[in-house]
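Protein chains in written order, with our numbering: chain S, 1 to 101; chain H, 1 to 213.
Be a bit skeptical, because a hint or two may be false.
[As the list claims (entries may be wrong)] Simulated crosslink set (BS3-like; lysine-lysine; CA at most 25 Å straight-line): (1) Lys73/S / Lys206/H; (2) Lys98/H / Lys138/H; (3) Lys44/H / Lys31/H; (4) Lys82/H / Lys95/S; (5) Lys206/H / Lys76/S; (6) Lys25/H / Lys18/S; (7) Lys18/S / Lys13/H; (8) Lys76/S / Lys63/H; (9) Lys84/S / Lys206/H; (10) Lys22/S / Lys28/H; (11) Lys90/H / Lys76/H; (12) Lys95/S / Lys76/H; (13) Lys138/H / Lys117/H; (14) Lys66/H / Lys206/H; (15) Lys117/H / Lys175/H; (16) Lys175/H / Lys163/H; (17) Lys13/H / Lys28/H; (18) Lys22/S / Lys37/S; (19) Lys150/H / Lys175/H; (20) Lys90/H / Lys84/S; (21) Lys12/H / Lys18/S; (22) Lys76/H / Lys76/S; (23) Lys31/H / Lys46/S; (24) Lys19/S / Lys25/H; (25) Lys76/H / Lys84/S; (26) Lys98/H / Lys82/H; (27) Lys37/S / Lys44/H; (28) Lys63/H / Lys52/H; (29) Lys118/H / Lys154/H; (30) Lys154/H / Lys117/H; (31) Lys66/H / Lys76/S; (32) Lys145/H / Lys117/H; (33) Lys138/H / Lys152/H; (34) Lys152/H / Lys175/H; (35) Lys73/S / Lys82/H; (36) Lys82/H / Lys84/S; (37) Lys84/S / Lys98/H; (38) Lys28/H / Lys38/H.
Hints are computed from structural coordinates only; laboratory data are not their basis.
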Amino acid sequence: MRGVTSEEVVKEEEYDIKKWAKEEAERIKNEAWAYAKRYASEEYIKELARRILREGEEEIDRRIRATRSLFEKNIKAILSIPEKEINELVEEILKEVFMYG
Amino acid sequence: MANGERGVKEKKKDPREEAREILEKAIKEAKEIIEFMKDDAERKAYASVANKLISRIVMDLGKLEKELRERYIRAKYQVIDKIRSMVSEKVRMVIEGKHPTIRYDEALLRYILEATKKIGEEEIYIILNERDRETVSKRLSMIEKTIEEKLKRKVKIIILNEKGDFMGGIIARNKDGTKIFHCTVEGRVEEVMRRLLATLNKRFFKKYIMGWS
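Generate the whole structure from the sequences, applying the supplied hints.
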């Protein structure tokens with residue numbers, strides 16, 4: 001019986017570690033597919049859709065409130081322009097009408 | 001040569017390093033698989049609710065915005081109407097000589113001067129309303145003298161018998177009527193208001209509103 005040289009031991013180890021890595025890589029990918037399958041399920045997509053719809057509706061409601069509040073504020077601001085400002089504008093118009101200044 | 005071969009041998013990858021690379025690549029791919037499936041599910045979920053959300057945006061938000069914009073425009077026109085009515089009131093005050101700073105007789109002189117400049121002839125024919133005819137007739141020579149001083153040329157102002165049906169101001173023309181200059185108070189108010197309305201948003205309302213231009 002022939003003895004095993006140190007070079008053969010190294011080659012054997014090289015082979016083993018690469019083989020192991022390849023098998024492990026395959027296992028990791030398979031696990032990823034298995035894990036990712038949950039995302040393809042109808043139930044998951046329906047639940048996600050419900051969440052998107054709820055969040056979307058909340059966002060629309062928020063925008064509705066913000067739009068209403070912005071317009072209300074602006075309408076109120078316009079309707080409460082100080083009389084003094086309006087008077088100044090009217091005087092400015094009068095000056096132009098009567099070519100003053 | 002021997003050295004070269006040794007060089008190649010030295011470059012050969014360490015099997016443990018290779019194994020590490022294989023695993024890293026596998027982990028990267030695994031992450032991509034999960035991300036892809038997640039994104040795909042999200043796309044499908046979005047697609048299934050998009051119509052509902054779009055219809056709410058159009059129906060509720062769009063309808064509300066339209067309604068509020070109309071109210072906002074009505075509010076602006078409320079202010080504009082107020083300005084208009086205050087202008088009318090004050091114009092009357094000026095014409096009746098009740099305005100504290102603007103004198104109507106001075107304004108009339110300015111109108112005639114402006115008409116003279118625009119028409120650019122020696123004789124200017126003017127139409128006035130009944131009340132202004134009397135005022136201008138009495139001060140005609142003074143008006144002509146003032147114009148002469150201002151324009152450095154002699155100008156004859158002729159008041160036409162035709163009575164103007166307007167609040168105040170003048171309609172002026174040259175002798176043969178080929179050049180006409182309208183400067184009635186009503187016309188000036190309209191012109192100034194029209195110009196003002198075009199810039200009112202920028203000049204006036206913008207100070208008070210927020211959130212949009």
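If you draw a straight line from the CA of Lys150/H to the CA of Lys175/H, is it 25 Å or shorter? holds, 22 Å
Tell me if the straight-line CA distance from Lys12/H to Lys18/S falls inside 25 Å. holds, 14 Å
Compare the distance between the alpha carbons of Lys66/H and Lys76/S with 25 Å, and conclude whether the hinted pair is satisfied. holds, 17 Å
Check whether the Cα positions of Lys98/H and Lys138/H lie no farther apart than 25 Å. Since the Cα atoms of Lys98/H and Lys138/H sit roughly 21 Å apart, the hinted pair holds (cutoff 25 Å).
Pair hint outcome, Lys175/H versus Lys163/H [Cα-Cα no greater than 25 Å]: Between Lys175/H and Lys163/H the Cα gap is close to 17 Å, so the pair holds against 25 Å.
Holds or violated: Lys63/H with Lys52/H, Cα cutoff 25 Å? holds, 16 Å
Would the pair Lys84/S and Lys206/H pass a check requiring their Cα atoms to be no farther apart than 25 Å? holds, 17 Å
Do the alpha carbons of Lys118/H and Lys154/H lie within 25 Å of each other, as the hint requires? Satisfied, since the Cα-Cα distance of roughly 15 Å is no more than 25 Å.
Measure nothing beyond the straight line between the CA atoms of Lys73/S and Lys206/H; if it is 25 Å or shorter, mark the hint as holding. holds, 13 Å
Compare the distance between the alpha carbons of Lys73/S and Lys82/H with 25 Å, and conclude whether the hinted pair is satisfied. With Cα atoms ~20 Å apart, Lys73/S and Lys82/H stay inside 25 Å; holds.
Taking only the CA atoms, is the gap from Lys117/H to Lys175/H under or equal to 25 Å? Measuring from Cα to Cα gives roughly 15 Å; hence the hint holds.
Can you confirm whether the C-alpha distance between Lys76/H and Lys76/S stays at or below 25 Å? Measuring from Cα to Cα gives roughly 10 Å; hence the hint holds.
Violated hints for the displayed structure: none, as all numbered hints are satisfied.
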